[in-house]
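Novice: Going down the list, the protein sequences come from chains A and B. So that you can map any letter, position 254 of the first sequence is 254 in this note's numbering, and since no number is skipped, the others follow by simple counting. So that you can map any letter, position 103 of the second sequence is 103 in this note's numbering, and since no number is skipped, the others follow by simple counting.
Each hint should be verified, as a subset may be incorrect.
Stated by the list, open to error - Listed next, the in silico EDC-like pairs over lysine to aspartate or glutamate satisfying Cα-Cα at most 20 Å (straight line): (1) B/K37 x A/E377; (2) A/K354 x A/D267; (3) B/K188 x A/E329.
Don't read these hints as lab results, they were simulated from the structure.
Spelled out, the chains give:
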Amino acid sequence: MIYMDHAATTPVRKEVVAAMAPFWTDIFGNPGSLHSKGLEAHEALDSARDRVAAVIGANAMEIIFTGGGTESCNLAIKGFARANKTKGRHIVTQLTEHHAVLDSCIALEKEGFDITYLPVDRHGLVSPERLKAAIRSDTILVTIMYANNEIGTVQPIAELSRIAHERGVAFHTDACQAGGQLDVNVQRLGVDMMTLNGSKIYGPKGVGMLYLKRGIKLEPVIHGGGQEGGLRSGTENVPGIIGFAKALELAQAERDVESKRLTGLRDRLIEGIIERVPKSFLNGHPTQRLSNNVNVSILDIEGEAMILHLNDAGICASTGSACTSRSLEPSHVIRAIGLPYEAAHGSLRFTLGKENTQADVDRILEVLPPIVTKLRELSPVRLSMESVLAARRK
Amino acid sequence: METHPDVKVKVDATKREQWFYTDVVRDHFFNPRNFLKKGEPDFKADGMGMVGSPACGDTMKMWIKVNGDRIVECRWSTFGCASAIASTSMLSVMITESGGMKIDDALKVKPQDIVNRLLDLPVRKFHCSVLGDKALRAAVNDHFRRTGQNGRMVTEGARVIDKVLSITDKDIEEAVLEGAVTLADVQKKTKVGTGDPACIPEVEQLIRFYREKYFGRDS
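The following block holds chain A by itself, in its conformation from the complex (with noise of 0.2 Å):
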């Protein structure tokens, strides 16, 4: 089998498994209990949280341990939002979020929160100017993620953050996609928080962070025990924490070298397929994107059944149409970068990862274009591949 879904999530990696395994029943203490068996867990913790601090450019202060990407997110936006009401309503973010980020804004909406959701060029990605232009006198935070999960684009956080800062605004970063393959120290970013999360970096899933800037209020999203400086109650997940920090360590030590190989990887694949499957092109930047990330609209056919083929053939990729969603509406990401609906429909990403070789790159490049010749086959659409692309925005 070939696995190409790594944006999706990632395998736990072998040495991240080893560095956990005492945690379940050897070092199982509370972090809070006062007694010896809390006490190594709670050393255990402190130096993952140095870890990760150090990885990241920051002060372990600086670091909440959460419980995924998802409610880094939550609490960084929602938390910062109700801390920081008094200053101002008004809070900036992009059309190509994940949900974590835009439905979080939209929670907010109904709070009497004035949303600006910025829109992306065919590329995907946010503009500098727009950016300067939105920000108001009552804007108090900018989210943009740093990667896109689907598209692969890579937004110029340090620019973006430098333009919040001229104007006294925070700024949040979503990184899940980054932490793998991109710089993530906080002071070159510029950020005031920034998400990441392990399931995205070989790391285990139902773990991830918040980088909390000093001097940033958050209201917490979870009320409880008050752990984590209060901002995030709950028994801390020692394993998983563990497990984060040495997937954290291992993916930013490798990241230069592994990148390198990837965007390789990626190339050969995005080449092949645009020279070998007719009517097709790139969706996303096409430098400016995840070493990782292959996301190709490929016409007059539909995702999901090219999903069920590949998947036949042993190829485990993913699709932006709307008959894999439970909304049956096809992704927000690819309808952002201006494609009419009948090519979102028909958009296939391929995320690749560690284990992934030149060999699995070739299979996928002999196994499609059958594929998409035997959907096309049974297809009555037609449609123009000039006007498609003449629907992009510029």
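Place chain B on chain A using the hints.
Specialist: Chain B only, in chain A's frame:
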């Protein structure tokens, strides 16, 4: 690999909220029957129907040959997901098997009948089976038109239910097919009755009607 007790080898077919395609669906998806092949544009149809649009994610064309008021041959082509492809393929088999169905009988084939023959579809894929049904009606109407039997044509006009928002019975049918079960579900999709609360009893009746029509009495 070791089998974990929490991982079922086969997903329980009764849990239709999950992704599950029966072997019959898979068979008709991977080996579709009766689709119009490339070298077959000379298939001399007695009626052709087309429904949907690629923007909605589904488009379907259906061609029928009629002999002595029986549908003896059928061809189709579909832009859509596995459920849409398998449903159309199955419908084409149902109306042409054992010498072909009489037109009047073919018109009585309900989406639920197709789903039954497929041994089930995930609930939110039910609307896929409706498309084939509609394409067949369109093809039959075309045949009636061509043969001067205009009196037999089946028309499905939409009737306005919510006068404020101009929501029709078709909109409610669509919402039910997309999985709406309660009035609240339908309102979430259509906002029906928010400006014209007087229509709500009729909406509730229509929901029951369409639930029964497409999902059977037990649903």
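Novice: What's the verdict on B/K37 and A/E377, does the C-alpha distance respect the 20 Å limit or exceed it?
Specialist: Holds - the C-alpha atoms of A/E377 and B/K37 are around 7 Å apart, at most 20 Å.
Novice: Take a quick look at whether B/K188 and A/E329 sit within 20 Å of each other, Cα to Cα.
Specialist: holds, 14 Å
Novice: Is A/K354 within 20 Å of A/D267, Cα to Cα?
Specialist: holds, 16 Å
Of the numbered hints given earlier, the model fails none.
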